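Engineer: In case you want the letters, here they are:
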Amino acid sequence: MKSQIMIRVKRKRIAQLVSLGKRLDGRGPTDYREIQLEMGVVGRAEGSARVRLGKTEVMVGTKIELGEPFSDVPDQGVLTVNAELVPLASPTFEPGPPNEHSIELARVVDRGIRESKTIALEELCVEPGKKVFIVFIDVYVLNHDGNLIDASTLAALAALLNTKMSNYEVKEGEIELKPGYILLPVKNYPIAVTLAKINDNLIVDPWLEEEQVMDARITITTEKDGKICAVQKGGSGCFTTQQVLEAAKIAKEKAEELRKLLVKG
Amino acid sequence: MLNMSQKKPEKMIEDNGVRLDGRGPKDLRPIKIEVDVLSNADGSAYIEQGKNKILAAVYGPNEAHPKHLAIPDRALLRCRYHMAPFSVEERKSPAPSRREVELSKVITEALEPAVFVEYYPRTSIDTFIEVLQADGGTRCAAITVASLALADAGIPMRGLVAACAAGKVEGRLVLDLTDIEDKGGEADLPLAWMPNLNAITLLQMDGSLTTDEFEQVVNMAVEGCKQVYGLQKEALKAKYVAVKGEVEE
Amino acid sequence: MSDLPTFYERKEIVTPGDLLAEGDYLAGDNTYKEDGKIYATRVGLVEYEDRRVLVVALKAFYVPSVGDMVIGKVIEVGLGSWLIDIRAPYPALLRASDAFSRPFKPQRDDMPSIFDVGDLVIAKIIAYDRTRAPLLTIREPDLGKVERGQIYEITPTKIPRVIGRKGSMITMLKQETNCQITIGQNGVILVSSRSPKDEQLAVMAIRKIEEEAHTSGLTDRVTQMIRSEKGDVKHVPEET
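Chains as they are written, first to last, in this note's numbering: chain A, 2 to 266; chain B, 2 to 250; chain C, 881 to 1120.
Hints listed in this document are in silico derivations from the structure and should not be mistaken for laboratory results. Where hints are given, some of them may not hold.
[As the list claims (entries may be wrong)] With a straight-line cut-off of 30 Å between C-alpha atoms, the simulated DSS-like cross-links for lysine-lysine are: (1) B:106 - C:913; (2) A:118 - B:93; (3) C:1046 - B:238; (4) B:33 - C:1088; (5) A:13 - C:1046; (6) C:891 - B:33; (7) B:33 - A:56; (8) A:172 - B:93; (9) B:184 - B:12; (10) B:12 - A:56; (11) B:33 - A:165; (12) A:23 - C:1110; (13) A:131 - B:12; (14) C:1004 - B:238; (15) A:234 - A:250; (16) B:93 - A:56; (17) C:1046 - B:227; (18) C:1088 - B:245; (19) B:68 - C:1110; (20) A:131 - A:165; (21) B:93 - A:188; (22) A:179 - B:12; (23) A:132 - B:93; (24) A:165 - B:238; (25) C:985 - B:245; (26) B:93 - B:52; (27) A:11 - C:1110; (28) A:13 - C:913; (29) C:917 - A:56; (30) C:1054 - C:1004.
The model shown is predicted, which means the values in this text are computed figures rather than measured ones.
Generate the whole structure from the sequences, applying the supplied hints.
Structural biologist: Shown next as structure tokens:
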């Protein structure tokens, strides 16, 4: 139908199935949808990736530019993440400046990368206090079918992993280009896992209709050694401590599985 | 920004007419088109033309919102042309630039003659175009792919709209200019054309051409559009032809 | 057959703007006439019927037509009427007087208790013109609220294929899948059975019809598919 309002009988059905440990698309409670990952899809970007998580599709491009550091950390490069929920991705997205959903998405993806120190910002300094590299990560949602956070974090990490810069040397505060490329040094592999709560049942990777039925969601981002580096609870429902801890346990396991898509061994 | 910066090369066209990417003066860049690529949109299409990568989606006809924009006797056709920050050499801010606003307008006006808007009063038909990678001639590729998204959405049309640019580079008249050729050349003329009605629905030019050259360039662009049109038709039929081939032994 | 020029074979796939015929023909569905020439307005299969040229569209949205049975979703409860999404460019209206069979009394009548936002309704279109919303009724047998089942949405132009010639396809589907199947002209199909597995089977079959609607020999292939699916799956009694 055209309207996004969920059909009552479907809402009941989804909730019923979930309480039986089943889902409408046949998945188990901790199963991800099929994931397709492509890297290097946009040549003009320094790095790029496209992730398809079921029908959700997200493209991420990285750009590197020279700029000024922040005054409180003069010898560090700058990381900035922006997310666009472009109107073509969903009838609910409207053109205009970022709203609370795209800003939350950007900040959660950012948190995962920043807190896990995935990019060594100290290595991106050219002239302390004056010139540093700025890494732009642009998240572009192309089709919204649920769980944008996990898809975007995965795509952002994949884009960082194939981000190339021209080889360079710093001589007296000036950049001198050398032949060839270097890869942006990536030190960690943060993976976000989102669980939705429907009537006290937790399910991993909610798709759009499950998101419309859920009362809350929780995203747990873990780094390569299993430590948790970012958490975000979303939605107007609530979690018990028990549920949060269970979610963390599930998230750590699932993150290890997803990480294998990008990192061997 | 630190990557392959595009310094203007010594020569863009060899004496024998061969261009930087190996094409002859009248050659189109290689084109790949796919229709029905997004599940949420009512219609969608994707094009790769040389290094251009552009996605278009259509939502509608739906009741026009806000209500004060609704037109009592026809549908409101809106097209939004927008570029991704990573689509160009220097990162582009996601906020719409003046260029994107102008292009949105001329693209809407290029497609409007093709759509039977009078069939759906008080509704809006929204087309969204996202440029994922740009290399010159994006407004033409955008029209080509938006026209397919409209057809894919099942919106009745008088015909498809095909678009192609032609221009003058280092004294030669050429078809389908890349970004380098546009920036370094003498003229660029994007044109959109409806083949069955023999009608031009978009025409812009910037640069310098004699009236003779102008006529030649316009004709060249129209010839380019004819080629693009053939590819558009194939793309629309592709899905059905494939299924038919598979099941009817 | 007419001896005026036509440019395609019957059932060839045509695209918007394709010149289908020239001369004294009538412009049928999904075509238009200009300067004596008939062109397609949508992607579809062209048909020449004596003096009429038409296109059976492969993909189109629903345009309300009086007399059609449709399946829609309540999106707004107003004072005295419900607004219903029937997958058309315009939402449809169901008046309270239609549901209560008498004039609406605001103090007495509780609208949401009859139909609330999110409810599925089977209704019939009793009035429509381009200046106002399509008007619905539920005052006939088999119309009203949907209490159970799954819906599947397809492009409305393929509904005739799901029904089949003289109902051959829909009859076969009901028999083979053991489901109740209600078809809305607006491209919404309701499938209901005691067994969710049977419902899934019916949905699978409808999906196949949707994908191969433009091919021949479809009824047989769908029957085959259903039977082989049933054969592979042990029929487990209904699990609550």
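Engineer: Next, verify each hint and record whether it holds.
Structural biologist: Right, here's what the structure says about each hint:
no.	hint	in the structure
1	B:106 - C:913	29 Å, holds
2	A:118 - B:93	26 Å, holds
3	C:1046 - B:238	29 Å, holds
4	B:33 - C:1088	28 Å, holds
5	A:13 - C:1046	36 Å, violated
6	C:891 - B:33	27 Å, holds
7	B:33 - A:56	22 Å, holds
8	A:172 - B:93	29 Å, holds
9	B:184 - B:12	13 Å, holds
10	B:12 - A:56	46 Å, violated
11	B:33 - A:165	27 Å, holds
12	A:23 - C:1110	21 Å, holds
13	A:131 - B:12	38 Å, violated
14	C:1004 - B:238	34 Å, violated
15	A:234 - A:250	16 Å, holds
16	B:93 - A:56	27 Å, holds
17	C:1046 - B:227	44 Å, violated
18	C:1088 - B:245	13 Å, holds
19	B:68 - C:1110	51 Å, violated
20	A:131 - A:165	23 Å, holds
21	B:93 - A:188	27 Å, holds
22	A:179 - B:12	25 Å, holds
23	A:132 - B:93	20 Å, holds
24	A:165 - B:238	39 Å, violated
25	C:985 - B:245	56 Å, violated
26	B:93 - B:52	17 Å, holds
27	A:11 - C:1110	25 Å, holds
28	A:13 - C:913	50 Å, violated
29	C:917 - A:56	42 Å, violated
30	C:1054 - C:1004	22 Å, holds
The structure fails to meet hints 5, 10, 13, 14, 17, 19, 24, 25, 28, 29 from the earlier list, while all remaining hints are met.
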